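Asker: Listed here are the chains, written in short residue letters.
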Amino acid sequence: MRFAITMLSTVAIASTIGTVIKQSEPYNNYLVQLGQFWFPVFELLDLYNIYQAFWFLVILLFLIISTSLCVSRNAPKILRDINKFQSSLTPSSMKKFKNYYEFKSQKNLETISKIFMKQGFQIKKSDNPSLIIAKKGTFQKLGYIFTHLAIVVISVGGLLDGNLLFKFQQSLGVKEVETRNLKFSEVPSKSQLNESNFSYRATLMLNEHEKNDMALIRVKDGYLVQHLPFEIKLDKFYIEHYSTGQPKSFLSDIRIQHNGQEFLKTISVNKPVSIDGVTIYQSDFQDGGSRLSLTLMPLFNEFEPIMLSSQVYKQNEFNSDNENYLFEFDDFREFNIFQVQKNDELITKNIGPSVVYKLRNSSGQALEYQTYQNPIPENDKFYFMSGMRENLQSEFRFLRIPADNNLEISSYQKFVKNLKSDVLIKKNINQLINKSSFYNGEEAKKSFQQNTYDIFQTFLQSGYSGIASVIEKSIPLENQESVAESYIKIIYFLAETINQDLIKNKLIDVAFIQDALNAYSDSFFYGPSPFLILNEYEKIYASGLQLTKDPGKVWVYIGALFLVIGIFCMIYVQEVRVWIIEKTKNNYAIAFASNREHIDFDHFCENTIKQLNIKDKT
Amino acid sequence: MILSFLYIASLVILAAYSLINFSEFMDQYETGILILSIPSFIWFGFFWPSFKKLFLTVFILSLGAIFLFQGDLATQQNNFLLKYFLSSQSLIMWMTFFFPLSLLTYIYFSIKDSMFLGKLGTNFSWIAITAGFSGLMVRWYESYLISLDVGHIPISNLYEVFVLFCLITGCMYLYYEEKLETKKLGSFVLIIINAAVAFILWYTFTKSANAIQPLVPALQSYWMKIHVPSNFIGYGAFSISAMIALAYLLRSSFGLNKILPTPYVMEDLMYKSIAIGFIFFTIATILGAIWAAEAWGGYWSWDPKETWALIVWLNYAAWLHLRLVKGLRGNILAWWSLMGLLITTFAFIGVNLFLSGLHSYGEL
Numbered sequence: 001m002r003f004a005i006t007m008l009s010t011v012a013i014a015s016t017i018g019t020v021i022k023q024s025e026p027y028n029n030y031l032v033q034l035g036q037f038w039f040p041v042f043e044l045l046d047l048y049n050i051y052q053a054f055w056f057l058v059i060l061l062f063l064i065i066s067t068s069l070c071v072s073r074n075a076p077k078i079l080r081d082i083n084k085f086q087s088s089l090t091p092s093s094m095k096k097f098k099n100y101y102e103f104k105s106q107k108n109l110e111t112i113s114k115i116f117m118k119q120g121f122q123i124k125k126s127d128n129p130s131l132i133i134a135k136k137g138t139f140q141k142l143g144y145i146f147t148h149l150a151i152v153v154i155s156v157g158g159l160l161d162g163n164l165l166f167k168f169q170q171s172l173g174v175k176e177v178e179t180r181n182l183k184f185s186e187v188p189s190k191s192q193l194n195e196s197n198f199s200y201r202a203t204l205m206l207n208e209h210e211k212n213d214m215a216l217i218r219v220k221d222g223y224l225v226q227h228l229p230f231e232i233k234l235d236k237f238y239i240e241h242y243s244t245g246q247p248k249s250f251l252s253d254i255r256i257q258h259n260g261q262e263f264l265k266t267i268s269v270n271k272p273v274s275i276d277g278v279t280i281y282q283s284d285f286q287d288g289g290s291r292l293s294l295t296l297m298p299l300f301n302e303f304e305p306i307m308l309s310s311q312v313y314k315q316n317e318f319n320s321d322n323e324n325y326l327f328e329f330d331d332f333r334e335f336n337i338f339q340v341q342k343n344d345e346l347i348t349k350n351i352g353p354s355v356v357y358k359l360r361n362s363s364g365q366a367l368e369y370q371t372y373q374n375p376i377p378e379n380d381k382f383y384f385m386s387g388m389r390e391n392l393q394s395e396f397r398f399l400r401i402p403a404d405n406n407l408e409i410s411s412y413q414k415f416v417k418n419l420k421s422d423v424l425i426k427k428n429i430n431q432l433i434n435k436s437s438f439y440n441g442e443e444a445k446k447s448f449q450q451n452t453y454d455i456f457q458t459f460l461q462s463g464y465s466g467i468a469s470v471i472e473k474s475i476p477l478e479n480q481e482s483v484a485e486s487y488i489k490i491i492y493f494l495a496e497t498i499n500q501d502l503i504k505n506k507l508i509d510v511a512f513i514q515d516a517l518n519a520y521s522d523s524f525f526y527g528p529s530p531f532l533i534l535n536e537y538e539k540i541y542a543s544g545l546q547l548t549k550d551p552g553k554v555w556v557y558i559g560a561l562f563l564v565i566g567i568f569c570m571i572y573v574q575e576v577r578v579w580i581i582e583k584t585k586n587n588y589a590i591a592f593a594s595n596r597e598h599i600d601f602d603h604f605c606e607n608t609i610k611q612l613n614i615k616d617k618t
Numbered sequence: 001m002i003l004s005f006l007y008i009a010s011l012v013i014l015a016a017y018s019l020i021n022f023s024e025f026m027d028q029y030e031t032g033i034l035i036l037s038i039p040s041f042i043w044f045g046f047f048w049p050s051f052k053k054l055f056l057t058v059f060i061l062s063l064g065a066i067f068l069f070q071g072d073l074a075t076q077q078n079n080f081l082l083k084y085f086l087s088s089q090s091l092i093m094w095m096t097f098f099f100p101l102s103l104l105t106y107i108y109f110s111i112k113d114s115m116f117l118g119k120l121g122t123n124f125s126w127i128a129i130t131a132g133f134s135g136l137m138v139r140w141y142e143s144y145l146i147s148l149d150v151g152h153i154p155i156s157n158l159y160e161v162f163v164l165f166c167l168i169t170g171c172m173y174l175y176y177e178e179k180l181e182t183k184k185l186g187s188f189v190l191i192i193i194n195a196a197v198a199f200i201l202w203y204t205f206t207k208s209a210n211a212i213q214p215l216v217p218a219l220q221s222y223w224m225k226i227h228v229p230s231n232f233i234g235y236g237a238f239s240i241s242a243m244i245a246l247a248y249l250l251r252s253s254f255g256l257n258k259i260l261p262t263p264y265v266m267e268d269l270m271y272k273s274i275a276i277g278f279i280f281f282t283i284a285t286i287l288g289a290i291w292a293a294e295a296w297g298g299y300w301s302w303d304p305k306e307t308w309a310l311i312v313w314l315n316y317a318a319w320l321h322l323r324l325v326k327g328l329r330g331n332i333l334a335w336w337s338l339m340g341l342l343i344t345t346f347a348f349i350g351v352n353l354f355l356s357g358l359h360s361y362g363e364l
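Which chain is which? The protein sequence lines are A and B, in order.
Per the working numbering, the very first residue in the first sequence carries number 1; after that it's consecutive.
Per the working numbering, the very first residue in the second sequence carries number 1; after that it's consecutive.
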């Protein structure tokens, strides 16, 4: 008993630890979190896979054994007790009971025992003709057997579905975990499990139109290959959406070849399919190598836009500023659900596809980008968005390029082209000076012309931050703010006049200029990547399937049923023992006893006495 | 008598109406459940007569709301009754108004010891519960007004289950109060309900959690309809026992003898609520395992929520074992049940806050 409780407490504590330390992560994550010293200590205790740890299973095994022993020792006695009646009592010993009553009644002993029988009591006549013994609710004792048996049955079921067999084979050196990154066909037979393996939980990632008859079982920091009794081909993976854009269901159309027969099935979350004892679940999905047709748009008009065809998980070379870069396309998402601001209200909306990629330089450092295909609404305006981050831990910083009135990016391209045109800049500065009557001296005109040109060039070469550093260097502190203001005005004014053609053609509004200047200035913080325009795509999915064989499940469910029955018996079946003795004619004494004497029991006794026509009560 | 008649009549009419009009949307299980629910509800109505009143009021209020909506969600902006009383959001806000009022009245009643105040406290709780249940019913209907495929039972996120928690805990307490005349425990049990009410208010006003969201694919299952309520009967019952334990401990150490029921009654009540909670919690965990086997591909994955459910289960199994088998009584069990609330609360909400896993439907 004490042993079992110690074991149970250990299980509880170990389980708690297992919820605090995230289980079954890649081992590198633990190494980063815990450091060189603690990582091996935790590993030794199997804290990364606590529920599969050897010592944890041993404790469970001990629990099963000790509970089984407990049941087998007590069950015969309990079963005997259920059939047996309590022994008879003498009137004096009855008086010691808490629920002891004396009463007068015209009813004879026969009638009284009938009243008790109606209430579900079993009656036994003793040797003493004036004494009846009654009992009820003996099934309460069955509760003990059921609950304890339940624990055994559930644990056995659980162990059946654990990987004890593999652990055993591993300890003999027959099998071992593979940790290298290999194709299924290259995995040595020591790390392969054949079809006859009686329980497993394996995963399989299939691209659309791909097939396989093997799956992967993750074990600690490695894996095993499980042969399946059939071959699965993924015809199609698709996502259904609610009208708000959120996903409604994830579905896979699969084709199963089993013993020369072909089955066409559709599985989805909450709707698995079972074949030959193996259940196939929809558990995951990712990109399966979508085809992308892109345009690389230079942010500073340094080259003509380049067309690029690629695929997710593919790499493409890219040269810029005499540096070699590598595009690595990691993911393509067809749907992105965003909370979008609309009329001061947040609404959920699908804003369309995005592509995630890394741009790696020749020394191996990479920046990560996420670019959205469609312009994203923000109040009344639309922006083409692309985020950049230096590492996976930081947040994306977004470059927001304003869309023109046709919701296209081409006006921004034109805008940058115009800004970069020296001819246009000079022409517009001259017009500016000729129009104003303020500068009358030739000298003043020239210096203003030069100044304006320099300011604008600074902006073109390094954005607002360049302007800020020029001001910090050359202007006394008290004038900095007013100078900055006039510089910004000059830049804005020039940019507007330079782009008059766009405004005249109604391609852009005046408000566009400010956003475009901001975008241009932010481009200096965007890294070496050009802006990616996604022209066309063909989405290809990969569906993550889980394949489960769990013969222990039925035992766990049977055990669970036992558990409910057992708890119900223990708590809600009231066990009652009654002795009634006719002391003299029509004078009775009655004693009630129970192993659960609480308020309900007291009420029961009182009500029973009322029924028996109580005359007086001690 | 009239009440019983109305109760049974409305049950039968409701079921018949659903069978005739919505049979195309139901499979044979659902039809079976619907038919069996008539005798079950009738039984429950006689087991706890006050439930009949609750049912009928909720029935009328929900019907009224449905009638006023006229099949268009936008109606609630213009219709006075809907806007301030019968839309789900206002009904739930009325619940959050009457529960604190009930607590204050119960406290005042404990001090003044006037029967009138005691009755008032009970009635305020009844109003809160009626409003809350009607709110959930109307919310259920509103979810279908958003779109037929969005429609679902309102027990799918943290906001909705907190409302459910308040209602179930309130109902269980009122049942015991009626049966064992323990009005003076009201001021204790209502504390935990009002903690949940405070959370609902915070969650509504800072995170707009009251918006109805469509179900994620993993939650689209019939199991949700039984798994979640059974779990909350468990949580509710455990919370009640913890609050009674608090009262019990305060009584013995501060001599609040006049204010509180006898230790014998309180111990019994503590046991009763843990027992009923334990049964439902066991069933809920088993249902959860069956559901997990269908949705996640394994009946037990040692997911943090599952693991904490096991810890909660072991905790109360030990409590019951000590009381029933070892015959233990008194302060130790009271302390244990009070501490049990910490474990339960962590399993209920702490896991969602601090640990990540499969069961992350109610993230803050």
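Read the hints as simulated data drawn from the structure, not as lab findings.
Everything numeric in this text was worked out from a predicted model, so none of it was measured.
Do not rely on the hints blindly, as some may be mistaken.
Stated by the list, open to error - Pairwise CB distance ranges, derived in the manner of DEER restraints:
hint, chain 1, residue 1, chain 2, residue 2, range
1, A, Ser474, B, Leu353, 47 to 55 Å
2, B, Gln28, A, Gln315, 52 to 60 Å
3, B, Gly327, A, Phe3, 19 to 27 Å
4, B, Ser356, A, Ala75, 40 to 48 Å
C-beta: ideal position from N, C-alpha, C; glycine also.
Asker: Run every hint past the structure and note whether it holds.
Answerer: Results for each hint:
The hint said 47 to 55 Å for the Cβ distance between Ser474 of chain A and Leu353 of chain B, and at roughly 53 Å that hint holds. Judged by the Cβ atoms, the range 52 to 60 Å given for Gln28 of chain B and Gln315 of chain A holds: they are separated by roughly 55 Å. At roughly 21 Å, the beta-carbon separation of Gly327 of chain B and Phe3 of chain A lies within the given 19 to 27 Å, and the hint holds. The hinted window of 40 to 48 Å between Ser356 of chain B and Ala75 of chain A holds, with their beta carbons roughly 43 Å apart.
The earlier numbered hints are all upheld by this structure, with none contradicted.
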